[in-house]
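Peer 1: Listed below are the residues making up each chain.
Number of protein chains: 2
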Amino acid sequence: MSPTPTATELTPALLIDSSPFLQAIVQIIRANDAYGTYRNWADELLLKPYIVTKADKKDISLEDEIDPLTKSRILVFYRAIAYCIEQETGSLAQVVVVLNHEGFGWALVFAGRLILVSKTLRDAQRFGFRSLDKMHAEGTKLVEKGIELAKQYPEVGEL
Amino acid sequence: MSPTPTATELTPALLIDSSPFLQAIVQIIRANDAYGTYRNWADELLLKPYIVTKADKKDISLEDEIDPLTKSRILVFYRAIAYCIEQETGSLAQVVVVLNHEGFGWALVFAGRLILVSKTLRDAQRFGFRSLDKMHAEGTKLVEKGIELAKQYPEVGEL
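Order-wise, the sequence lines are chains A and G.
In terms of this note's numbering, the first sequence opens at residue 72 and continues consecutively.
In terms of this note's numbering, the second sequence opens at residue 72 and continues consecutively.
Hint data in this document are derived by calculation from the structure and do not stem from the laboratory.
Keep in mind it's a predicted model, so treat the numbers as computed, not measured.
The C-beta atom is built at its ideal place from N, Cα and C for all residues, glycine as well.
Hints are supplied without guarantee of correctness; some may be wrong.
In silico lysine-lysine, DSS-like type, Cα no more than 27 Å apart, as pairs [said to hold, decoys possible]:
(1) A:LYS119 / A:LYS142
(2) A:LYS222 / G:LYS216
(3) A:LYS190 / G:LYS142
(4) G:LYS190 / A:LYS190
(5) G:LYS190 / A:LYS216
(6) A:LYS222 / G:LYS190
(7) A:LYS222 / G:LYS222
(8) G:LYS222 / A:LYS216
(9) G:LYS190 / A:LYS142
(10) A:LYS190 / G:LYS222
(11) G:LYS216 / A:LYS190
(12) G:LYS205 / G:LYS222
Some residues of chain G that are not near chain A, with every Cβ distance over 10 Å (derived) [what the hints assert, rightly or not]:
(13) GLN94
(14) ARG110
(15) SER132
(16) ARG144
(17) THR160
(18) GLU173
(19) LYS205
(20) GLU229
(21) LEU230
Take the sequences, apply the hints, and build the full model.
Peer 2: This is the structure we're talking about:
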């Protein structure tokens, strides 16, 4: 039995428009686009490299160094999370992504002395999501958890 | 007028013996010494690469990539801080050092969601201290501040 596609899977453009998290990613990509390469690209096309199917993942070797473009995508993913948290809490959030040669490492988003997002990364060479839906869900979950922490420990976030 | 040398500057071996922080560094270096290269080296000799004079610094170009040995020394420095904090607080501390090609970056020591040490790094190619005294003082200061934070916000440190 194949799963019924959800409405958003059928209309990615609509999903992007209604997801502040996906919009933040698009905005960061466009802000870094110094030469206007992506000027005429649809948002959906900009987000496409984040969609990595099971079959795609199989084709990406874990023996190789992580592709600089993949690393940059991971960084933008967490910067978008930091941006969305900032929008809600008003406090500046820093992003640190550190990966070793085997694709293991950490992604941290923090404000003051408070870590808003703490993720261990593994097999970072294969970073990606099965669908925009899943990407939206994962990003939004991390944003919400971060906002919750920032509100719970405002003092630590301002140290 | 040349500064009067302090007693500890005259007797580095004594200083190392009486500094839990410097001892932690020595211990980590020896623990990583899988081939026994340093087995017969005095502690003082192991710590020597951490001593970088003003003249030494001038000779280290900031245009070049950071030397992997320097990077590893930075990591060991912060791991020793994490170790000393752990000894006092009992909670496991993680260390993340991230540097870009220009020698700028972050060193973070954290437990749970609490950042115990947060340092921005610059000109990391020239990482080092003028004397063992200064190194002991800097490390010990960061350890004490970290312990203070861990005691002040135990809940965040255990998230």
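Peer 1: If a hint holds in the structure, say so; if it does not, say that too.
Peer 2: Hints and how they fare:
1. The suggested pairing of A:LYS119 with A:LYS142 holds, with an alpha-carbon distance near 15 Å, which does not exceed 27 Å.
2. Between A:LYS222 and G:LYS216 the alpha-carbon distance is near 24 Å, which keeps this suggested pair within the 27 Å criterion.
3. Distance restraint check for A:LYS190 and G:LYS142: the Cα-Cα separation of roughly 23 Å lies within the 27 Å cut-off, and the hinted pair is therefore satisfied.
4. In summary, the hint linking G:LYS190 to A:LYS190 is supported, as the alpha carbons are separated by about 20 Å, within the 27 Å threshold.
5. Proximity of G:LYS190 to A:LYS216 is assessed by CA-CA distance (about 25 Å); at most 27 Å being required, the pair is judged to hold.
6. For the given pair, A:LYS222 sits about 24 Å from G:LYS190 by alpha-carbon distance, which is consistent with the 27 Å threshold.
7. Between A:LYS222 and G:LYS222 the alpha-carbon distance is near 21 Å, which keeps this suggested pair within the 27 Å criterion.
8. With a C-alpha separation of about 24 Å, the suggested pair G:LYS222 and A:LYS216 falls inside the 27 Å cut-off, and the hint holds.
9. The suggested pairing of G:LYS190 with A:LYS142 holds, with an alpha-carbon distance near 23 Å, which does not exceed 27 Å.
10. Using a Cα cut-off of 27 Å, the hinted pair A:LYS190 and G:LYS222 holds, with the two alpha carbons roughly 24 Å apart.
11. Only pairs whose Cα atoms come within 27 Å are accepted, and G:LYS216 paired with A:LYS190 is accepted, the gap being roughly 25 Å.
12. For the proposed pair G:LYS205 and G:LYS222, the alpha carbon gap of about 26 Å is at most 27 Å, so the pair holds.
13. The beta carbon of G:GLN94 is kept farther than 10 Å from every beta carbon of chain A, the shortest such distance being approximately 27 Å.
14. No Cβ of chain A approaches the Cβ of G:ARG110 within 10 Å, the least distance being about 27 Å, so the stated non-interface status holds.
15. Every beta carbon of chain A lies more than 10 Å from that of G:SER132, the smallest distance being close to 24 Å; the non-interface claim holds.
16. Residue placement check: G:ARG144 keeps its beta carbon more than 10 Å from all beta carbons of chain A (closest about 17 Å).
17. Here G:THR160 stays apart from chain A, with its beta-carbon at least about 15 Å from theirs, past the 10 Å limit.
18. Distance to chain A confirms G:GLU173 as a non-interface residue, since its nearest Cβ pair spans about 16 Å, more than 10 Å.
19. A cut-off of 10 Å between C-beta atoms confirms that G:LYS205 is not in contact with chain A; the least separation is 25 Å.
20. Under the 10 Å C-beta cut-off, the non-interface status given to G:GLU229 relative to chain A holds; the minimum distance is some 12 Å.
21. Distance check for G:LEU230 against chain A: the nearest CB is about 8 Å away, which does not clear 10 Å, and the non-interface claim fails.
In summary, the one numbered hint that this structure violates is 21.
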